[in-house]
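Protein chains in written order, with this note's numbering: chain A, 1 to 133; chain B, 1 to 493; chain C, 1 to 196.
No wet-lab data here; the hints were simulated from the structure. Take the hints with a grain of salt, since some may be wrong.
Listed next, with one range per pair, are the computed distances between beta-carbon atoms [what the hints assert, rightly or not]:
{"hint": "1", "chain 1": "A", "residue 1": "Gly-26", "chain 2": "B", "residue 2": "Gln-357", "range": "34 to 44 Å"}
{"hint": "2", "chain 1": "C", "residue 1": "Glu-30", "chain 2": "B", "residue 2": "Asp-281", "range": "35 to 45 Å"}
{"hint": "3", "chain 1": "C", "residue 1": "Asn-191", "chain 2": "B", "residue 2": "Pro-342", "range": "25 to 35 Å"}
{"hint": "4", "chain 1": "A", "residue 1": "Ala-24", "chain 2": "C", "residue 2": "Ala-165", "range": "53 to 63 Å"}
{"hint": "5", "chain 1": "B", "residue 1": "Gln-357", "chain 2": "C", "residue 2": "Gly-143", "range": "32 to 42 Å"}
{"hint": "6", "chain 1": "C", "residue 1": "Gly-143", "chain 2": "A", "residue 2": "Glu-86", "range": "30 to 40 Å"}
{"hint": "7", "chain 1": "C", "residue 1": "Glu-30", "chain 2": "B", "residue 2": "Lys-354", "range": "21 to 31 Å"}
{"hint": "8", "chain 1": "A", "residue 1": "Glu-86", "chain 2": "B", "residue 2": "Gly-476", "range": "55 to 65 Å"}
Built from N, CA and C at the ideal position, the CB exists for glycine as well.
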Amino acid sequence: METKIMIVDDEPDIRAAVCTILEASGYGVLPVESGARCIEELEKGFRGVILMDVMMPEMDGWATTKKAIGKGLLEGNVVAMLTAKEDPDADLEEVAETVVNYIRKPFKPDMLVSTVGRYCRWLERDRNAHLAG
Amino acid sequence: MSERRESPVTQGATEVRSESVLGHEGYTGELEKALELDTASSIDGRAEFERRERALKESEEKFRMIFEHANDGIIYLDESCTIIDVNPRVEEMFGTKREDLVGKGFSEKGFVLPHLVPRILSELDRALGSGFGDLIEIEARRMDGSPIFLEASLRVIVREGGDRRLIALLRDVTGRNRVGVEMQRKSAELLAAHEEQQNLMNALEEQNRIICDSQLELAEALDRAVRSEEEVRDKNEQLLAMQENLREMNQHLEERVMQRTSEIASLLRQKESFINQLAHDLRSPLTPVVALLPMLRDRQSDPKSKEIAEMVIRNIDYMEDLVSSTIKLAKLNADVKFDLSPISIWATVDGVLKRGQYRFAESNVSVENRIDRGVMVSADRLRLAEVIENLATNAVKFMPGGGALVFDAQTSGEFAVISVRDTGIGITSEQMAHIFEEFWKADKSRHDLGSSGLGLAICQRIVEKHGGKIWAESEGTGKGTTFFFTLPLHATR
Amino acid sequence: MGCNNLVIIGSSTGGPETVRRVLSRMPVLEACILIVQHMPRYVNESVRAEFAEETQMEVKLADDGMVLRHGLVIVARSDAHARLAANKVVQLVSGEKVNYVRPSVDVTMKSLRSIPRVNAIGVILTGMGADGAEGIRHMKGVGGVTISQDEASSVVYGMPKVAAATGCVDFILPPELIGSKITDLVKSWSNGVHLS
């Protein structure tokens with residue numbers, strides 16, 4: 001099973017750009033436009049790499065992540081934040097163990113591909129390890 | 001006294017044996033003589049004689065009593081002013097005995113004050129001439145030396161035979177005179193006292209006058225003082241009013257300044273916020289562009305299209321760089337807190353050079369860190385690194401064919417002066433005025449996509465925030481450039 | 001042969017890549033490296049593998065009772081704190097999260113004792129939160145050398161910032177220079193020059 005990547009961003013062009021780049025490298029991408037939608041997909045059983053935009057209306061990236069953690073939905077997911085902001089806001093210690101990276105916009109496509117690829121490999125290894133028993 | 005001063009006794013007498021009025025024997029002798037003539041007469045004559053004797057005795061007694069008991073002193077003197085006899089009163093007056101006086105000149109015994117003698121003599125003369133003298137007052141001396149004041153009257157009598165006798169009647173007026181003298185003395189005293197009083201009064205008046213004058217002066221002075229005090233008070237009030245005015249003005253000024261300052265601060269914040277917001281807002285659309293352009297370029301089979309795509313990418317990268325630098329600059333303005341610690345400049349430069357070693361090598365730039373390892377400055381480590389980084393990047397940019405980059409440092413007073421020297425294209429004097437301006441580029445057409453034009457502005461901001469200065473020196477085009485900046489030395493105690 | 005030289009590295013968000021950069025500059029060291037990386041449990045092995053790719057030293061996930069050894073890199077497992085016993089042995093202890101994390105760098109670093117004597121280096125790399133600051137303070141207190149990552153290279157300048165703010169950090173460096181610094185320090189200790 002191919003690892004999928006969920007891009008959570010309220011900007012359609014950014015979702016499109018991420019999709020284009022990753023799909024061109026052979027990754028499956030699930031674009032999602034809000035934190036609520038992200039939670040939905042997680043509840044539907046999404047497991048994979050999540051690229052989470054921070055600045056979103058209604059529920060921002062941090063709140064979404066915290067909520068997902070609280071619901072135990074991030075088990076088996078690798079989360080990296082995507083943001084135009086320089087520094088993360090405060091009160092983020094709770095997500096320290098979960099958020100493995102903080103990617104700043106604008107990003108170079110190859111950087112994104114290699115990073116995402118790494119995370120996919122992580123998950124695959126883990127899956128394989130489980131499969132192996 | 002009757003006119004007839006002659007006593008019946010002397011009527012018939014021709015001579016007296018002794019000049020004693022009280023001489024009993026003489027008196028009796030006279031009588032006997034007188035009587036001798038008449039002895040032959042009859043027994044009638046004897047009875048007559050006895051009758052006459054008795055009458056004589058009685059008369060003698062009478063006059064003797066008067067002489068002896070008169071309250072006034074009587075001195076009987078002859079023409080030469082020799083005392084013939086004195087009565088007891090005289091003895092009393094002078095405190096002496098009859099025997100001492102009789103036969104002496106009146107002035108002899110010192111009874112009469114010497115300076116009075118001439119006067120008395122002239123009186124005596126007059127008396128002798130006129131028959132009696134005026135009442136005169138004389139001061140005499142008693143035997144014991146005490147003064148005695150006498151009122152003397154003189155009478156001259158002529159005896160049978162023509163020689164004259166003086167009768168001086170002396171009355172003791174010492175008492176009266178004492179009073180008088182006393183009165184005189186007192187009078188003199190009074191006069192003196194009066195005079196003194198007068199003097200005193202004069203003096204007092206003088207003093208009074210002086211006091212009055214002084215009082216006047218004082219009053220005037222007080223007056224002046226009061227007036228000047230009033231003036232001072234007025235001036236004070238004026239001053240206070242002025243002060244109050246000034247204070248109000250000051251306050252207004254301060255308020256206005258504060259207002260302006262906060263307006264300016266607000267405007268600056270707005271500017272920063274705007275820039276920040278803009279930069280962030282630019283990052284969003286840049287994201288898909290930056291993300292997708294490489295792919296677009298790669299998909300171009302046509303070389304020309306590839307070239308176009310490449311150019312687009314270059315420009316987009318520049319935009320991205322500009323946005324990053326802008327945000328950094330904005331952060332610098334907002335970020336007041338610098339984390340100051342003792343930093344070794346050598347170490348910071350060393351770090352930058354190590355990090356960029358590939359970059360330098362690629363650009364054919366040799367680097368040298370000549371800074372003494374001991375030079376310690378008080379600086380924010382990261383910011384200092386940023387300054388070095390920016391200056392190094394700049395230097396490399398302006399050495400397109402390669403060159404040499406040398407870092408050095410001196411100490412000057414309380415500051416370290418760090419120099420970054422390159423062998424690049426240099427800076428003209430025209431350019432020099434602008435190099436630290438935000439967004440200014442050496443390339444007028446601003447085609448230089450390699451930099452945002454903010455690098456030096458950021459350097460200046462950082463250096464000045466440390467309390468230092470930054471400037472550049474160049475001898476002109478092609479002569480290389482040296483950037484200098486100062487930082488406070490770390491004070492070692 | 002005991003372990004005289006010990007390096008404890010703490011990192012969180014953006015950590016794995018950064019640790020790799022640190023490891024890339026290091027030869028096989030005469031030291032034991034203990035890495036506490038905040039990560040989900042299911043990527044522990046992957047991360048360990050990545051680290052292993054970057055160094056010639058042996059890289060293992062921590063097991064309870066693992067003995068410290070020169071030339072060994074131990075990666076702490078998720079969901080347990082890694083404590084040092086007598087500066088020699090790793091103990092995995094369950095317990096409450098510390099600083100919202102488990103394993104916590106503070107727990108690991110603070111378990112270092114001044115006796116028996118070891119030469120120690122404490123490193124705090126990129127990450128959110130404040131885990132590791134107290135650990136750094138402790139390590140400095142028992143005579144260790146301390147390093148934190150600089151702001152420019154940090155993915156998230158949180159943990160390194162708080163660590164530096166303690167005032168107990170000796171060096172603030174980018175990852176490559178951290179690697180060089182550790183190498184130099186360990187070399188000098190091995191040569192008999194003890195830096196305390």
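Results of checking the hints against the structure:
1. A:Gly-26 <-> B:Gln-357: 34 to 44 Å: holds, 36 Å
2. C:Glu-30 <-> B:Asp-281: 35 to 45 Å: violated, 53 Å
3. C:Asn-191 <-> B:Pro-342: 25 to 35 Å: holds, 28 Å
4. A:Ala-24 <-> C:Ala-165: 53 to 63 Å: violated, 44 Å
5. B:Gln-357 <-> C:Gly-143: 32 to 42 Å: With Cβ atoms ~33 Å apart, the hint holds.
6. C:Gly-143 <-> A:Glu-86: 30 to 40 Å: This hint holds: roughly 37 Å between Cβ atoms.
7. C:Glu-30 <-> B:Lys-354: 21 to 31 Å: holds, 24 Å
8. A:Glu-86 <-> B:Gly-476: 55 to 65 Å: violated, 40 Å
Of the hints listed earlier, those the structure fails to meet are numbers 2, 4, 8, in rising order.
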